[in-house]
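A.B. asks: Please build the complete structure, drawing on both the sequences and the hints.
Chains A and B are the protein sequences, given in the same order.
First residue of the first sequence: 1, per full-length UniProt numbering; consecutive thereafter.
First residue of the second sequence: 1, per full-length UniProt numbering; consecutive thereafter.
Source of the hints: derived by calculation from the structure; they are not laboratory data.
For every residue, glycine included, the Cβ atom is placed at its ideal position computed from N, Cα and C.
There may be inaccurate statements among the hints.
What the hints assert, rightly or not - Anything over 12 Å on all C-beta distances counts as not near chain B; from chain A, calculated:
| no. | residue |
| --- | --- |
| 1 | G37 |
| 2 | T46 |
| 3 | D101 |
| 4 | T120 |
Unchecked claim - Derived lysine-lysine pairs resembling BS3-like cross-links, with alpha carbons at most 30 Å apart:
| no. | chain 1 | residue 1 | chain 2 | residue 2 |
| --- | --- | --- | --- | --- |
| 5 | A | K25 | B | K209 |
| 6 | B | K97 | B | K153 |
| 7 | A | K25 | B | K81 |
| 8 | A | K84 | B | K209 |
| 9 | A | K84 | A | K27 |
| 10 | B | K118 | A | K27 |
| 11 | A | K53 | B | K37 |
| 12 | B | K119 | A | K13 |
| 13 | A | K19 | B | K119 |
In case you want the letters, here they are:
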Amino acid sequence: MSAKHLKRKKLSKHILEMKFMQRTKEKVRLLDEEEEGRATFSSELTEQMADQKSNYFIQPSFAVCDGLMPSRLSFLGMNPLIEKFMKGEAGSDVQTKEEADVSLEEMAETYASNSTLVETMANKFHKKKRDKSNDKEPDRKKMRLSDT
Amino acid sequence: MVSEDVKVGHFGREAIVGSVVLPGQVVEEASSAEQKKVTLGPGVERVKENIVVCNSGILKKSEPNIYYVDNLQKRYTPVRKECVIGVVTMKAGDIFKIDINSSEQASLSYLAFENVSKKNRPRIEVGDLVYAQILSASKDMEPELVCVNSYGKQVTMGVLPAEGFLFQCSINLIRKILSPECPLLSKLGKRIPYETAIGMNGRIWIKAKNVDATLLIGNAILASEYASTETINEICDNLLKKLPNV
Numbered sequence: 001m002s003a004k005h006l007k008r009k010k011l012s013k014h015i016l017e018m019k020f021m022q023r024t025k026e027k028v029r030l031l032d033e034e035e036e037g038r039a040t041f042s043s044e045l046t047e048q049m050a051d052q053k054s055n056y057f058i059q060p061s062f063a064v065c066d067g068l069m070p071s072r073l074s075f076l077g078m079n080p081l082i083e084k085f086m087k088g089e090a091g092s093d094v095q096t097k098e099e100a101d102v103s104l105e106e107m108a109e110t111y112a113s114n115s116t117l118v119e120t121m122a123n124k125f126h127k128k129k130r131d132k133s134n135d136k137e138p139d140r141k142k143m144r145l146s147d148t
Numbered sequence: 001m002v003s004e005d006v007k008v009g010h011f012g013r014e015a016i017v018g019s020v021v022l023p024g025q026v027v028e029e030a031s032s033a034e035q036k037k038v039t040l041g042p043g044v045e046r047v048k049e050n051i052v053v054c055n056s057g058i059l060k061k062s063e064p065n066i067y068y069v070d071n072l073q074k075r076y077t078p079v080r081k082e083c084v085i086g087v088v089t090m091k092a093g094d095i096f097k098i099d100i101n102s103s104e105q106a107s108l109s110y111l112a113f114e115n116v117s118k119k120n121r122p123r124i125e126v127g128d129l130v131y132a133q134i135l136s137a138s139k140d141m142e143p144e145l146v147c148v149n150s151y152g153k154q155v156t157m158g159v160l161p162a163e164g165f166l167f168q169c170s171i172n173l174i175r176k177i178l179s180p181e182c183p184l185l186s187k188l189g190k191r192i193p194y195e196t197a198i199g200m201n202g203r204i205w206i207k208a209k210n211v212d213a214t215l216l217i218g219n220a221i222l223a224s225e226y227a228s229t230e231t232i233n234e235i236c237d238n239l240l241k242k243l244p245n246v
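C.D. replies: And the structure:
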């Protein structure tokens, strides 16, 4: 078991606590639990037993067997948050999407009202275009440099 | 849940899908399916090479290869990952004791909420209702609840608002109104603005804009226990007719 322990890179607790590591944290937890279970029963398990695969799964919940709907519901705007979850498939995108402080419309309006800003932004894109066109023919440029 | 096409079982050794079965009968169909993956739902157990019924009811099969016994049940047996409605009965140090209608009270840690810390405790009083998920359910230990998913998000769980109406019904009714074929909740939802939490432990919490609407929804749910889909539609129409404009 210790050899396996060494093989797997361990992530520190502090890193796992970080917001972007939540998925990995879950994975690591599952692996740890599995290993722990194996260690606990290693004395009682034979090799054969460990290798055996079962085609039977136990699912004690009616909710899965019957394919039931989610059980927290809201209709006609009684609880907008719940309705958001009902629409967005268990809120997977609600979790990832953070609400913007400045909406897109607001940003467009601010930029439109301020002409200098528009120019600055326009300049930015012009420059980029120029850069790209230069990038396309770097060979010729180099040649010229070597000529002089 | 009892429909007309249920066959009366012959009560021999073999349990037949779609008929009444008794504990001890063998589901030959599942036992012989060697290569296929089979899921054993509630009421079906594996004893050595045989798949044996351990509850009396109607043996059902759903896709893919799920066998389970559909029985009348009022007492709740906790199952991991199911969502339940609990009543806070006691605050004991760092856990809350929650009554979830099962043989034993469940425990809920005060840290099992979103955005709480040891200093910033959740505000929960005795008598509050919580909508929570069962984290662990075993025969030998008390069930444990959490109000967050595995990513630490509360999603739809947590303390239910104080205004609302809680009532109890059989677990079969819960399964009936939550099945995708049942038109009841969505049909009522087209006319009446309301919010509901339905616990797999046989508790239903409703919040509507006034008492009339709340009672109407409650009555409609209780009336549909033994009703077919058409009857449910009729019940809804009749009740909605009586309701003044909400």
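A.B. asks: Decide, hint by hint, whether the structure agrees.
C.D. replies: Structure-based check of each hint:
no.	hint	in the structure
1	G37	holds (14 Å)
2	T46	holds (18 Å)
3	D101	holds (20 Å)
4	T120	holds (40 Å)
5	K25(A) <-> K209(B)	violated (42 Å)
6	K97(B) <-> K153(B)	holds (22 Å)
7	K25(A) <-> K81(B)	holds (19 Å)
8	K84(A) <-> K209(B)	holds (20 Å)
9	K84(A) <-> K27(A)	holds (28 Å)
10	K118(B) <-> K27(A)	holds (26 Å)
11	K53(A) <-> K37(B)	holds (11 Å)
12	K119(B) <-> K13(A)	holds (21 Å)
13	K19(A) <-> K119(B)	holds (21 Å)
Consistency note: the structure conflicts with earlier hint 5 alone.
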